[in-house]
Amino acid sequence: MKEQSGFEKFSELTRPALRQELERAIAASAENGTPGLHEMITYQLGWTGENAGPKAEGKLIRPLLVLLACEAGGGDWKNALPSAAAVELIHNFSLIHDDIEDDGETRRGRPTVWKVWGEAQAINTGDAIFALAFASLVNLVERTSPEIGLQAGRIFHRTCLRLTQGQHLDISFEYQDDVELESYWQMVGGKTAALLAFSLEVGALCAGVTPEIQAHFRDFGHYLGMSFQVQDDILGIWGAEEQIGKSTIGDLVTRKKTLPVLFGLAQKNSFYEGWNA
62 MKEQSGFEKF
72 SELTRPALRQ
82 ELERAIAASA
92 ENGTPGLHEM
102 ITYQLGWTGE
112 NAGPKAEGKL
122 IRPLLVLLAC
132 EAGGGDWKNA
142 LPSAAAVELI
152 HNFSLIHDDI
162 EDDGETRRGR
172 PTVWKVWGEA
182 QAINTGDAIF
192 ALAFASLVNL
202 VERTSPEIGL
212 QAGRIFHRTC
222 LRLTQGQHLD
232 ISFEYQDDVE
242 LESYWQMVGG
252 KTAALLAFSL
262 EVGALCAGVT
272 PEIQAHFRDF
282 GHYLGMSFQV
292 QDDILGIWGA
302 EEQIGKSTIG
312 DLVTRKKTLP
322 VLFGLAQKNS
332 FYEGWNA
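Numbers in this note's numbering are just positions in the sequence shown, counted from 1, shifted up by 61.
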C-alpha cells in the first residue's frame, strides 16, 4: 500500500472542518424561499445530484493550500477556515461562468450547472456563490483580527478582478490569429495563477507573518498556478476524459490558445495550416 504524502495526511485532517465551514457559508442561500438555489450550489460543490461524492467535489487544492500556508507560517489552520471557504467558493463561481462561456457540458465527470438548469439560472447561481464567498471572508475578523480581515478583503477584491481579466483575455484570444507567448502568460497569470497566489498569501496573512514572508508565499502560489495551467493545457489535449472529468476536444473546438496550440502555430507547419484552414 502506497504511503500517504504529507499533503494527503493534512488534507485528511482538515477536510471535515473545511466541509463544515462551507456548509455554514452557503446556508443563507436556502433562505427567503430559495431552496432551489441552495440545491444548485450544493450540486456545483459536488455534494448532491448525479454522481455526487469525492470525484464531483474536486481535489480542493486551493482551500487546502490556504490552510497549509497558515500552518506553515506558524499559525493555527483553523483560523484560516473562512478564507479557505471563500477561495473554494470563488473558484466554483469562476467554473460555473467558465462552463457557460466555453459551452462546457461536463465538469468533474457530470453535467455542468447550465446543462442541468439552463444558462440564466447558472449565471445567477455563480453570482450567488460570488456573494457568499465575500460573506465568508468577512468572518476572518472574528477568527483573526479586523486588520487581517480588511487586508484579506483588499487582496481578495484585487484577485477577483485578475480572474475576470484573465478570462477576458482567454475569450478574446479565440478570435485572434496571432497570440504572443507573453500574452499567454499574462492571461494565465490572471485566470489561474491569481487565485492560487491569493490562497498561499491569505493563509500566510492569517498566520501573522511579516509582509516580506507573505510576498514569498504569494510568489510561490503564482508560479504554482502558472505551472498548473501548463499541465492542464497538456491534459486538455492528450489527457483521458475520465481523468480530467471533461471533454478532451473542448479546447480545440473553441479554438483556445493553449500553450501546446501556441507552440504548434509557431512552427508554421501542417498544424498551422490546418488550424487556419
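Bear in mind the hints are in silico, worked out from the structure with no lab data behind them.
Keep in mind that the hints are not guaranteed to be accurate.
Calculated cross-link-like contacts (lysine to aspartate or glutamate; reagent style DMTMM-like; alpha-carbon spacing at most 20 Å) [what the hints assert, rightly or not]: (1) 116 <-> 69; (2) 317 <-> 163; (3) 317 <-> 208; (4) 176 <-> 64; (5) 176 <-> 163; (6) 317 <-> 293; (7) 116 <-> 100; (8) 139 <-> 163; (9) 176 <-> 118; (10) 120 <-> 64; (11) 317 <-> 164; (12) 176 <-> 162; (13) 116 <-> 162; (14) 116 <-> 241; (15) 176 <-> 166; (16) 116 <-> 84; (17) 317 <-> 235; (18) 176 <-> 188; (19) 139 <-> 69; (20) 176 <-> 111; (21) 139 <-> 203; (22) 139 <-> 208; (23) 116 <-> 132; (24) 116 <-> 166; (25) 317 <-> 203; (26) 176 <-> 159; (27) 317 <-> 159; (28) 176 <-> 302; (29) 120 <-> 293; (30) 317 <-> 166; (31) 120 <-> 73; (32) 120 <-> 84; (33) 70 <-> 137; (34) 317 <-> 162; (35) 70 <-> 132; (36) 120 <-> 159; (37) 139 <-> 73; (38) 317 <-> 241.
Q.
For a C-alpha distance cap of 20 Å, please report whether residue 120 and residue 159 respect it.
A. Judged against 20 Å, a Cα distance of about 18 Å means the pair holds.
Q. Regarding the pair residue 176 and residue 159, is the alpha-carbon distance no greater than 20 Å?
A. Answer holds: residue 176 to residue 159 is near 13 Å, not above 20 Å.
Q. Is the Cα-Cα distance between residue 317 and residue 241 20 Å or less?
A. holds, 13 Å
Q) Are the Cα positions of residue 120 and residue 293 separated by 20 Å at most? A) holds, 14 Å
Q. Does the structure keep residue 317 and residue 159 at a Cα separation of 20 Å or less?
A. holds, 13 Å
Q. Are residue 120 and residue 84 close enough, with their CA atoms no more than 20 Å apart?
A. Cα-Cα ~17 Å, so holds.
(Q) Tell me if the straight-line CA distance from residue 139 to residue 208 falls inside 20 Å. (A) Answer holds: residue 139 to residue 208 is near 18 Å, not above 20 Å.
Q: Would you mind confirming whether the straight-line C-alpha gap from residue 139 to residue 69 stays at or under 20 Å?
A: Holds - the C-alpha atoms of residue 69 and residue 139 are around 17 Å apart, at most 20 Å.
Q. Between residue 139 and residue 73, is the straight-line Cα distance small enough, at 20 Å or below?
A. The hint holds at about 14 Å.
**Q.** Distance restraint between residue 176 and residue 111, which requires alpha-carbon spacing of 20 Å or less
**A.** Holds - the C-alpha atoms of residue 111 and residue 176 are around 13 Å apart, at most 20 Å.
Q. Residue 116 and residue 162: Cα distance at most 20 Å?
A. Violated - the C-alpha atoms of residue 162 and residue 116 are around 23 Å apart, more than 20 Å.
Q: Please work out if residue 176 and residue 64 have their alpha carbons no farther apart than 20 Å.
A: Violated - the C-alpha atoms of residue 64 and residue 176 are around 39 Å apart, more than 20 Å.
When held up to the earlier numbered hints, the structure conflicts with 3, 4, 8, 13, 14, 23, 25 and fits the remainder.
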